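Protein chains in written order, with our numbering: chain G, 23 to 135; chain C, 63 to 176.
Hints are computed from structural coordinates only; laboratory data are not their basis.
Since this is a predicted model, take the numbers as computed values, not measurements.
Glycine is no exception: its CB is placed at the ideal position from the N, C-alpha and C atoms.
Please note that the accuracy of each hint is not assured.
Claimed, not checked - Incomplete in silico selection of chain C near chain G, CB under 7 Å:
1) L105
2) I122
3) G125
4) Y126
5) G164
6) G168
7) S169
8) G170
Claimed, not checked - In silico BS3-like cross-links for lysine-lysine, where the CA-CA straight-line distance does not exceed 27 Å:
9) K115/C <-> K80/C
10) K115/C <-> K133/C
11) K23/G <-> K132/C
12) K158/C <-> K117/C
13) K75/C <-> K23/G
14) K90/G <-> K23/G
15) K65/C <-> K117/C
16) K64/G <-> K133/C
17) K80/C <-> K158/C
18) K90/G <-> K132/C
19) K133/C <-> K119/C
20) K117/C <-> K64/G
21) K158/C <-> K132/C
22) K75/C <-> K64/G
23) K158/C <-> K119/C
24) K64/G <-> K65/C
25) K64/G <-> K119/C
26) K23/G <-> K80/C
27) K158/C <-> K75/C
28) K158/C <-> K90/G
29) K65/C <-> K158/C
30) K132/C <-> K119/C
31) K132/C <-> K115/C
32) K64/G <-> K158/C
Next come the chains, spelled out residue by residue.
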Amino acid sequence: KQEVTQIPAALSVPEGENLVLNCSFTDSAIYNLQWFRQDPGKGLTSLLLIQSSQREQTSGRLNASLDKSSGRSTLYIAASQPGDSATYLCAAYRGSTLGRLYFGRGTQLTVWP
Amino acid sequence: DVKVTQSSRYLVKRTGEKVFLECVQDMDHENMFWYRQDPGLGLRLIYFSYDVKMKEKGDIPEGYSVSREKKERFSLILESASTNQTSMYLCASSLKYRTAYGYTFGSGTRLTVV
């Protein structure tokens, strides 16, 4: 069974800092890895998806990397803003047609002005 | 954009009631999923379906059942609601073969059982 771990569980930083959120997984035979954002009481919003053949994806101030051999993914947030405050979840997709995701517990990010 | 719609944002039900949570997606996705999310436990998979009338148990199926009569709709049923089923319920969908598109989630249903 795929185990996904996210470190740290919580992070509080001042506005403007560059951040790295970490995600590790036990089974390197993943197909995709997807990063989500969740605001309090809301659903999950997809941020970035990295396929196993890729090493990174970028969207605006976000950059996600994937290293299958070491079982790690990182989400880099540049020039953080208070609006980035949310919980960030990573999820690994092992790649059968049944397609279930394995989630980490998330990193709760607070960016203060 | 794919849209996954959960019919209710908030529900309050009484213990012992039969509860239906509805999820509809509009992009012809084969796979659909129901998760529940609880503080400290993260997201846990209840059931999933990869085709009409097909279903598979996830990690915590006890006390739940599902129905998928049409491709776009996946219903979660609490046969006899209990207080320990108070939770946030999230529905998701994905394409079976085009995995590059990832998963899309609904906005969630916060269920309280009293």
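Comparing the hints with the structure gives:
no., hint, in the structure
1, L105, "5 Å, holds"
2, I122, "13 Å, violated"
3, G125, "20 Å, violated"
4, Y126, "16 Å, violated"
5, G164, "4 Å, holds"
6, G168, "5 Å, holds"
7, S169, "4 Å, holds"
8, G170, "4 Å, holds"
9, K115/C <-> K80/C, "21 Å, holds"
10, K115/C <-> K133/C, "9 Å, holds"
11, K23/G <-> K132/C, "30 Å, violated"
12, K158/C <-> K117/C, "14 Å, holds"
13, K75/C <-> K23/G, "34 Å, violated"
14, K90/G <-> K23/G, "16 Å, holds"
15, K65/C <-> K117/C, "21 Å, holds"
16, K64/G <-> K133/C, "25 Å, holds"
17, K80/C <-> K158/C, "31 Å, violated"
18, K90/G <-> K132/C, "37 Å, violated"
19, K133/C <-> K119/C, "18 Å, holds"
20, K117/C <-> K64/G, "26 Å, holds"
21, K158/C <-> K132/C, "16 Å, holds"
22, K75/C <-> K64/G, "20 Å, holds"
23, K158/C <-> K119/C, "17 Å, holds"
24, K64/G <-> K65/C, "15 Å, holds"
25, K64/G <-> K119/C, "25 Å, holds"
26, K23/G <-> K80/C, "32 Å, violated"
27, K158/C <-> K75/C, "34 Å, violated"
28, K158/C <-> K90/G, "22 Å, holds"
29, K65/C <-> K158/C, "16 Å, holds"
30, K132/C <-> K119/C, "19 Å, holds"
31, K132/C <-> K115/C, "8 Å, holds"
32, K64/G <-> K158/C, "26 Å, holds"
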